[in-house]
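A.B. asks: Sequence:
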Amino acid sequence: MLGPSIISGDQIQDASASQNPRGIGYVVDLQFKPAAANTWADFTAAHIGTQTAFTLDSQVVSAPMIQEAIPGGRTQISG
Numbered sequence: 001m002l003g004p005s006i007i008s009g010d011q012i013q014d015a016s017a018s019q020n021p022r023g024i025g026y027v028v029d030l031q032f033k034p035a036a037a038n039t040w041a042d043f044t045a046a047h048i049g050t051q052t053a054f055t056l057d058s059q060v061v062s063a064p065m066i067q068e069a070i071p072g073g074r075t076q077i078s079g
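Using the UniProt record's numbering, the first residue of the sequence shown is number 1, and each one after it goes up by one.
The reader is advised that the hints may include incorrect statements.
Unchecked claim - Straight-line Cα separation of at most 25 Å, SDA-like style, residue types lysine to any residue; simulated pairs:
#	residue 1	residue 2
1	33	16
2	33	53
3	33	11
4	33	66
5	33	46
6	33	61
7	33	51
8	33	56
9	33	74
10	33	6
11	33	7
12	33	47
13	33	44
14	33	75
15	33	68
16	33	72
Claimed, not checked - Derived Cβ-Cβ restraints for the label pairs, each shown as a range:
#	residue 1	residue 2	range
17	24	3	26 to 34 Å
18	15	71	12 to 20 Å
19	53	16	17 to 25 Å
20	3	23	25 to 33 Å
21	59	27	27 to 35 Å
22	2	28	13 to 21 Å
23	24	4	27 to 35 Å
24	45	24	28 to 36 Å
25	10	42	18 to 26 Å
26	33	55	13 to 21 Å
27	71	8	19 to 27 Å
Hints in this document: simulated from the structure, not taken from any laboratory. Here the structure is a predicted model, which is why all the values come from computation and not from measurement. For each residue, glycine too, the CB sits at the ideal point set by N, CA and C.
All chains, please: the whole structure from these sequences, using the hints.
C.D. replies: Here is the structure:
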């Protein structure tokens, strides 16, 4: 069951995908707009060790584990 969205797509300033330099698969780099960067930092700090879902058109495309707080407005999804 998905919870409410905390950041919408219009709060993403930049996104890019590339092959994972450490092995098989891809990584997606995201840069959030300032307000969303603060939301993401607070959310990740409060949810270390849990999964979060990234969705596109209401479909989960990735559900990574939050390993640490992520301040600064940039994040990377891998795996």
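A.B. asks: All hints, please: hold or fail.
C.D. replies: Do the hints match the structure? See the list:
Annotation: proposed proximity of residue 33 to residue 16 holds, straight-line Cα distance about 15 Å (limit 25 Å). Only pairs whose Cα atoms come within 25 Å are accepted, and residue 33 paired with residue 53 is accepted, the gap being roughly 19 Å. Of the pairs offered as hints, the one joining residue 33 and residue 11 holds, with about 5 Å between alpha carbons and a cut-off of 25 Å not exceeded. Taking the CA atoms of residue 33 and residue 66, the gap is about 20 Å. The hint holds against a cut of 25 Å.
Note on residue 33 and residue 46: the hinted pairing holds, with a Cα-Cα distance of about 20 Å set against a maximum of 25 Å. In summary, the hint linking residue 33 to residue 61 is supported, as the alpha carbons are separated by about 21 Å, within the 25 Å threshold. Under the criterion of a C-alpha separation no larger than 25 Å, the hint pairing residue 33 with residue 51 is consistent with the structure, at around 22 Å. A hinted pair counts as satisfied when its Cα atoms are at most 25 Å apart, and residue 33 with residue 56 qualifies at roughly 18 Å.
For the suggested pair residue 33 and residue 74, the alpha carbons sit about 9 Å apart, so the restraint of at most 25 Å is met. Our distance criterion of 25 Å between C-alpha atoms is met by residue 33 and residue 6, whose separation comes to about 13 Å. The hinted pair formed by residue 33 and residue 7 meets the criterion: a straight-line CA distance of about 10 Å does not exceed 25 Å. Distance check on the hinted pair: residue 33 and residue 47 sit about 21 Å apart at the alpha-carbon level, within 25 Å; holds.
Distance check on the hinted pair: residue 33 and residue 44 sit about 16 Å apart at the alpha-carbon level, within 25 Å; holds. Distance restraint check for residue 33 and residue 75: the Cα-Cα separation of roughly 12 Å lies within the 25 Å cut-off, and the hinted pair is therefore satisfied. Simply put, residue 33 and residue 68 have alpha-carbon atoms about 20 Å apart, close enough for the 25 Å limit, and the pair holds. Under the criterion of a C-alpha separation no larger than 25 Å, the hint pairing residue 33 with residue 72 is consistent with the structure, at around 10 Å.
For residue 24 paired with residue 3, a C-beta distance near 30 Å keeps the hint of 26 to 34 Å intact. Restraint check, residue 15 to residue 71: a C-beta distance of roughly 19 Å satisfies the suggested window 12 to 20 Å. Checked against the given bound of 17 to 25 Å, the beta carbons of residue 53 and residue 16, roughly 20 Å apart, stay inside it. Distance hint check for residue 3 and residue 23: the Cβ-Cβ separation is about 31 Å, which falls inside the suggested range of 25 to 33 Å.
Residue 59 and residue 27 have their C-beta atoms about 20 Å apart, which leaves the hinted 27 to 35 Å range violated. For residue 2 and residue 28, the hinted distance range of 13 to 21 Å is satisfied, since their beta carbons lie about 19 Å from each other. For the pair residue 24 and residue 4, the beta carbons lie near 33 Å from each other, so the given range of 27 to 35 Å is met. Range check, residue 45 to residue 24: about 30 Å between beta-carbon atoms, so the 28 to 36 Å window is met.
The beta-carbon spacing between residue 10 and residue 42, approximately 19 Å, falls within the hinted interval of 18 to 26 Å. Checked against the hint of 13 to 21 Å, the pair residue 33 and residue 55 passes, with Cβ atoms roughly 18 Å apart. For residue 71 and residue 8, the Cβ-Cβ distance of about 20 Å falls inside the hinted range of 19 to 27 Å, so the restraint holds.
In this structure, only the earlier hint numbered 21 is contradicted, and the remaining ones agree with it.
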